[in-house]
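On the provided structure of chain A, position chain B as indicated by the hints.
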Amino acid sequence: MTLGHLQGKRVLVIDDSDAMRSQLQQTLSGAGCGRLLTVPNIRQALEALKAESFDIILCDYYLGESTDGQQFLEHLRTNDLISRHTLFIMITAEQGYQRVVQAAECAPDDYFLKPFTAAQFNARLHRVLEKQDALQAVSKATDRKDWLAVIRACDALLESGDRHAFEALKIKGSALLKLGRAGEAEALYRQVIATRALPWARHGLARALATQGDVQAASDVLEENIAEAPEHMASYELLSRLRQQSGDLGAALHVLERAQAVAPGTMARVRHLGDLALQAGRPEVAEQVLGEALQRHRFSPVREAADYARLAQSMTRQNKAKQALAPLVQAKREFRDEQSELLLSAHEVIALRGAGEANKAEQLMKGLIERAQHVMPGDTAMAIAEACYLTGHEQAGEKMLAHAVQNAPEDQRVHGQARAVLRAAGKSDEHGDALIETNQRQVILLNNEGVAKAESGDLEAAISLLSNAADRLPNNVLIVSNAALVIAKQMLVRGQDAELLRTCLRYRAAVAQQSPAHPKLQQIDTLLSRLRKPAAT
Amino acid sequence: MSEVTDMLLTAAVHGVKNQLGELLWRLDARGDCLLEQRIALRCAQRLSSALLLWRSAQDQLALNLEAVDPHEMLDDLASEYQALFPDLQVVRVEPIPARSSPGWMFVDRTLLSMVLSDIVHNACRAARSRVSLRATDWQQGVCLEISDDGPGYPDAVLDTAGSALHAAAEGQTGLGLYLAGSVARAHRRQAQAGAIELCNAGGACFRMYLP
Chain A
81 MTLGHLQGKR VLVIDDSDAM RSQLQQTLSG AGCGRLLTVP NIRQALEALK
131 AESFDIILCD YYLGESTDGQ QFLEHLRTND LISRHTLFIM ITAEQGYQRV
181 VQAAECAPDD YFLKPFTAAQ FNARLHRVLE KQDALQAVSK ATDRKDWLAV
231 IRACDALLES GDRHAFEALK IKGSALLKLG RAGEAEALYR QVIATRALPW
281 ARHGLARALA TQGDVQAASD VLEENIAEAP EHMASYELLS RLRQQSGDLG
331 AALHVLERAQ AVAPGTMARV RHLGDLALQA GRPEVAEQVL GEALQRHRFS
381 PVREAADYAR LAQSMTRQNK AKQALAPLVQ AKREFRDEQS ELLLSAHEVI
431 ALRGAGEANK AEQLMKGLIE RAQHVMPGDT AMAIAEACYL TGHEQAGEKM
481 LAHAVQNAPE DQRVHGQARA VLRAAGKSDE HGDALIETNQ RQVILLNNEG
531 VAKAESGDLE AAISLLSNAA DRLPNNVLIV SNAALVIAKQ MLVRGQDAEL
581 LRTCLRYRAA VAQQSPAHPK LQQIDTLLSR LRKPAAT
Chain B
5 MSEVTDMLLT AAVHGVKNQL GELLWRLDAR GDCLLEQRIA LRCAQRLSSA
55 LLLWRSAQDQ LALNLEAVDP HEMLDDLASE YQALFPDLQV VRVEPIPARS
105 SPGWMFVDRT LLSMVLSDIV HNACRAARSR VSLRATDWQQ GVCLEISDDG
155 PGYPDAVLDT AGSALHAAAE GQTGLGLYLA GSVARAHRRQ AQAGAIELCN
205 AGGACFRMYL P
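In order, the protein sequences belong to chains A and B. Those letters in the first sequence? Residues 81 to 617, per the working numbering, in order. Those letters in the second sequence? Residues 5 to 215, per the working numbering, in order.
Chain A with its partners taken away, still in its complex shape (with noise of 0.2 Å):
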């Protein structure tokens, strides 16, 4: 079979071992690909995709290295380092890895089994390339976050009674969800199981039935796809953060382990678990599950300085402050960029405090508080501000929480933080709400304020005051979505300018991030549509 389908296409072949490297080499170079790279591990791998874009990535599952494959693609979709066009295929040796399923978008396109024939290959190959050409509208708007234009290329496939119907169904269900159209998701998943109860559609099922607030109905159907398909772990993890939503940690942790048991955890849920644990006072538990995942992954990129810093926290939590320097030394090293140097600082000025070492703790702590005066991560921010207080800048610490609030004002995750700072600091529960309360009420004024001014057609001054304060809180949704309209709608008063419209997209981009249903979303798109095209000169 020849592959004509792979004419200009761009390849990256990762495998460890030469002979298989060399042998893919040969059979796609005959192929008339328009870019053949070939690497032995995932760091050349990363390289190459920060370098450029490739259409197919032909994946050794088993690397000879601390992370696999599977661990590999779930860095790259999380942390969308390529497009969902991209075709992932993982090259296997043994089928039986592949029984723990990942969730649907870590999932890879193909599993070759290993060994094969050129003309076995081929054949595979030639068939993967067939979905990837009938999906590729699909891809393409799943790259763009444009989940009508998703939903609208899904029906087109359906309508065409197209071989991929399924597929296009699980796609589709997926960006009913992400729209918040909940309530065709769960029509379109009890049609499915009607026919089938896959795994995936009854994990469907319960997204829906949760975001329509059934939360029991939803564990239900979690419980039933676990009890039956075991290997499920999108269900675990749903099913875990719908017990933490309900309040009950120790439930939310105990399902965790509960798939910990059946599968050593992707980083991803690691970190859940890890979360979790310190979250529902089980530092212990952190330790070990974070402890066992970083020694395993301990030369890959995978990692991120704040597993560290986790790691280390769950070590000062059991009094084991010494022990916990030795992770944040070691991170230190590894991480050196701004954001990394500052969390791991923070739990640094911590752990040392803990130790005893107050000299050392107040030293670094000098410097954190002087660096730590730009946007930075929820999390950073509250390990600064439990730092603060802890070498006695309380007001270096109320502003970091106030940061922190302001950013997510609606988070209950930051809220228990905010709260677990000042107690640990000695402060009342009172003390911990009325911060909540007062930075909640500030940046509602704020954004009050901005669109007061909207309203009054200072557009320009709502530009100014919104954009600071998006630039400011990035996570905070409400804001950021005002700065990308008011911003639209001066382009639409004042004409169209390349750097306000950049600006927009980002913000727009950054709402979508976080929130693909939000209602500001179509208004600042229905704005941007009337936008004229400038003239062509």
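There could be a bad hint or two in this list.
Said to hold, decoys possible - Below are the EDC-like pairs computed for lysine to aspartate or glutamate, each with C-alpha atoms no more than 20 Å apart in a straight line:
| # | chain 1 | residue 1 | chain 2 | residue 2 |
| --- | --- | --- | --- | --- |
| 1 | A | 211 | B | 76 |
| 2 | A | 211 | B | 79 |
| 3 | A | 211 | A | 239 |
Keep in mind the hints are simulated off the structure, nothing from the lab.
Structure of chain B alone, referenced to chain A:
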């Protein structure tokens, strides 16, 4: 088996399969070694079967069900084996006119491909000139049929029909049928479980019923 042993076993299988893969591709490049290619593939199948048997004994045959087009799966199998046995006619044939063509089947694609590859391989070895693959509707599910024009199954194999483990020990055919039976039975729909059936009708005929 401990986690370490499991890891070592996986690494060993990975190594052996890589080497078999390398061998296959080198033989392929020569272009005159089909028999040797078939032997290498057979070795890999035995290895996979042994692992599958072990997982099945550990009760680890959890299925990853997905919607699969039965014709597409049989087409792929037919073309793979046609390339390996060019002197035979390995083809997917249309369903019997009286019975309708199935739409989708809900199966574990990897497991099913694996056990069916083994059955097709055996059929190709036994056939005089032709191996036929066919998918037809069966109750609420699908019947997959693989038949050849060889000497047919020995009586002893027909008697056990892939259900007895001791028969599996008697060679790759027995093991392949035993695993095909296990994988079929693991596919269930409410109270109904999958099954296999063997018969001789102008050659060996293997049927797998999947609810």
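So, going through the hints one by one against the coordinates:
A hinted pair counts as satisfied when its Cα atoms are at most 20 Å apart, and residue 211 (chain A) with residue 76 (chain B) qualifies at roughly 13 Å. Between residue 211 (chain A) and residue 79 (chain B) the CA atoms are separated by roughly 16 Å; this keeps the pair inside 20 Å, and the hint holds. Distance check on the hinted pair: residue 211 (chain A) and residue 239 (chain A) sit about 17 Å apart at the alpha-carbon level, within 20 Å; holds.
The structure meets every hint from the earlier list without exception.
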